[in-house]
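*Asks:* Let the sequences and hints guide you as you build the complete structure.
Each chain, written out:
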Amino acid sequence: MTTTSLTEDSLRAYEIRNIRAGRVRRRGYQRFLVLRSQINFYYFWEKRWFFIAMAVGLSLITMPQPDGLTREGLIVLSMSVVAVILFVTEPVPLPTVALLIIVGQVLLLGLESTTVAKTLMTDSVLFIMGSLMLAVAVVKQKLDIRIAWLIVRITGTKTTRVCFGISLVSGILASFVGEHTVAAMMLPVGITLITLTSDDPKEVRRLAAVLLFSICYGCSIAGIGTPSGGARNAIMIGYWKEFFFDPTNPDTRKFLIDYVTWIAYAYPVFLIQLPFVTLILNWTFKPEYRTLSRSVAKLRQQIQLQGPMQPSDWLAITIFLLILLGWIFLSSYIGLGTIAVAGAAVFLIAGLVQWEDINSGVNWGVILLYAAAISLGVQMKDTGAAQWVAENFLALMTPFGAEKGVGLWAAVSALTTIVTNTMSNGAAVAVLGPIVLKMATVAGESPIILGFITAISSAFAYLTVVGTPACTIVYASGYLKTTDFLVVGWRMVLMSTFILIVAATFYWPLLVN
Amino acid sequence: MAELEGIRERRRNRFRILVCIDGTDASYDGIRFAAKIGYRSECDIILLYVRPIDQGLRSGGLQVRVARENMLDWGLELPGIRNLKKGLDILAGGEEMSAHWTSFTSHTDTWNDPLGDNKVEYRHESGKTIVLKLKTAPDPASGILDQYELGPYNLIIMGAPSRWRSEASSFFNVGVTQKIAMLAPCSVLVARGHGTGNGTGYLICIDGTRRSLNATRRVAVLAKHSGYPITLFCVATQKNKVATAVRVLEKATEMLSKMEIEVAETKVAVGDPTEKIVEVSNDYSVVAIADSGKKWFHRLFVSGVAYNVMGASNTSVLNVR
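Protein chains in written order, with our numbering: chain A, 1 to 513; chain B, 1001 to 1321.
Please keep in mind that the hints were generated in silico from the structure rather than gathered at the bench.
Small disclaimer: the values here were computed from a predicted structure and weren't measured.
Fair warning: there could be bad hints in the mix.
[What the hints assert, rightly or not] Taking lysine-lysine and the DSS-like style, the derived pairs with C-alpha atoms no more than 25 Å apart in a straight line are:
| hint | chain 1 | residue 1 | chain 2 | residue 2 |
| --- | --- | --- | --- | --- |
| 1 | B | K1086 | B | K1036 |
| 2 | B | K1179 | A | K481 |
| 3 | A | K202 | B | K1086 |
| 4 | A | K481 | B | K1086 |
| 5 | B | K1179 | A | K47 |
| 6 | A | K202 | B | K1085 |
| 7 | A | K481 | B | K1085 |
| 8 | B | K1085 | B | K1119 |
[Claimed, not checked] To list a few chain A residues with every Cβ distance to chain B over 10 Å, as calculated:
| hint | residue |
| --- | --- |
| 9 | W149 |
| 10 | R300 |
| 11 | P308 |
| 12 | T318 |
| 13 | Y333 |
[Unchecked claim] Output of the computed footprint for chain B on chain A, the stretches with three or more beta carbons under 8 Å from beta carbons of chain B:
| hint | stretch |
| --- | --- |
| 14 | 191–197 |
| 15 | 362–371 |
| 16 | 464–477 |
Virtual Cβ for every residue (Gly too), placed ideally from N, Cα, C.
*Replies:* Written as structure tokens, this is what we have:
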């Protein structure tokens, strides 16, 4: 009788081949086999987009110079195209792109390395760094429990009201603290409400979507509310100053957009969108539970166990309010970035956060990436590349009647929305900002209005997980699918774009004038 | 080193199944399949959830681990742990794990991520092992392939993706399941439906080559140990090759009968192999096809029958290597 063994006679477990071939017995073919086994050809397949990007860049640099574009402009444009391909496809770690931009500026543009280095650390970059450090510090204060208490007190137990409350509170906080911070803080609140309603994720699938998207989109639409709401805002402020401000010409002072001016332009756009977020989410997902009375009651009990606010909690809030006042009243004099970094230092001095927490919570490579992208953006302006692209883009839009006015605004908004859904919104503004601002000059439009359209449209990354930081963080909960973003995202895009164009048409001209 | 070699030696005497889960229903179907074929004491089942390392740019520069640690502080389970626990419940089938199982936990810092790799190993008195592994890797596919190197494994089971990409779109972004199907050194099963079968068994496809006969023998042993009936199937590309196909089936049946493995049925069809296999496979719980033997770069540009059937079939497909 034949006995078969599962281990011996069924599917085989193959050991990974030892790539050290040992002694080569014969030259020629044997040596070729050894060499082939030692070269990992799969590496080239894995990194194919890197090689494709380099090939595209090389072919662009070596192509005949287009009319109206300088040699340096062509190089900068090629570098921008390569950078965008690498941003979107990520074949190499993203900070590598920053390093390549720096090296490219020195080697290809012939700039002094010290000159390039100086362009990397601007007030915008300082602000990005400072706000990320503040983000970690704020999340570590565990104020999210107090925020949850506030929400459940004011909203009641109806699902739509809880969702609106979450969006409202998340949004107001995110407009000042930054969307990534608030998303990280509010995520446990949303998940707790979900898990207290039911342990089975399938029973609360649509409710989970509504609650988590309330956090995610509440933070996203609010990130444009104030300059401290997101890196892209600081980048655009830096571009306005770099491109248009002339200290010898008082008329150009209007391009120094301070904290309050930004709020005047952008905050109403955020507030008007807020109720529509709740409407769209409830209409799209139709949550299984119309009331969350049981889970809200349990959440209240959990919160009450925390006890009253501690002195450290009050200190953290006080420090943050001081930072906020500093941004409002002092940023025109000493810059947003200086205040953000000072705030982070105060949190460290007060012992409210450890440097190890900040060091592990901030991705420093991202700061380098933003710095390099801004540096490249400035080069786009200095070499005339931005001007050339702007002129050609407007020429493309002319047959459609979109070379100025509402048509141009809608085209810029659409372009920014498409780009921001494929890459980070900060990088999108860093790349598109110079082109859009030059477009404004060529078309005779207000650079402030077009700049705001670009900055605000960069928040319309509702369609993909990687579109905005809040979406990425909320997706980490594991309750959402990538298709959920598509299902609701297109409605959000339409709503946001409509409100933006209406604001640009009727409200912003009043402020500009 | 000697200890590692000892562990590897012990593992060579075990039938090890690596089940990759991502929280989708399809991946839980893979677990149910593993439970069906891995119930014997000589089988070890490893449930793997791969968590991508933080990409700071996507979260605006704030590491996602900050949000993750905040969730842990609230006492909430991370998605990977939740999915693995659900997988364990499916495997345990309601049995209390503390009754006859001893558990061991371990943690490794990887990729400078303090949450790192986490493993819980349950060992039964009989020697059977169930492992829950939460792994951190740059992307799920590389994590799974890295995990294989820690094995090795006799079988990798993955849930079917919602969309099987064509060769052209695979160039831009190949899905995790497709990537593993292309690159895994061992046999891969793409699970669809419940995978536990409703009694209709295995459909083993043969093309007459030595590779496919070898694969038939191995899959038949697996089917016999799992209690599934076996149907042998051969596709003749032209009508004048039907006689050859019949001879191939007779040869395979004779080979299996010498191993005391009964063949419930044999079938022959005429036409395109991929189309015919997909058409017939709807009546079976698993379709088993031998790998073509092509290198990975050949498979990128000229996909074989097995790979195409994996994408097109409505039932679970076992690609035998």
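*Asks:* For each hint given before, does the structure comply? Return the numbers of the non-compliant ones in rising order.
*Replies:* none
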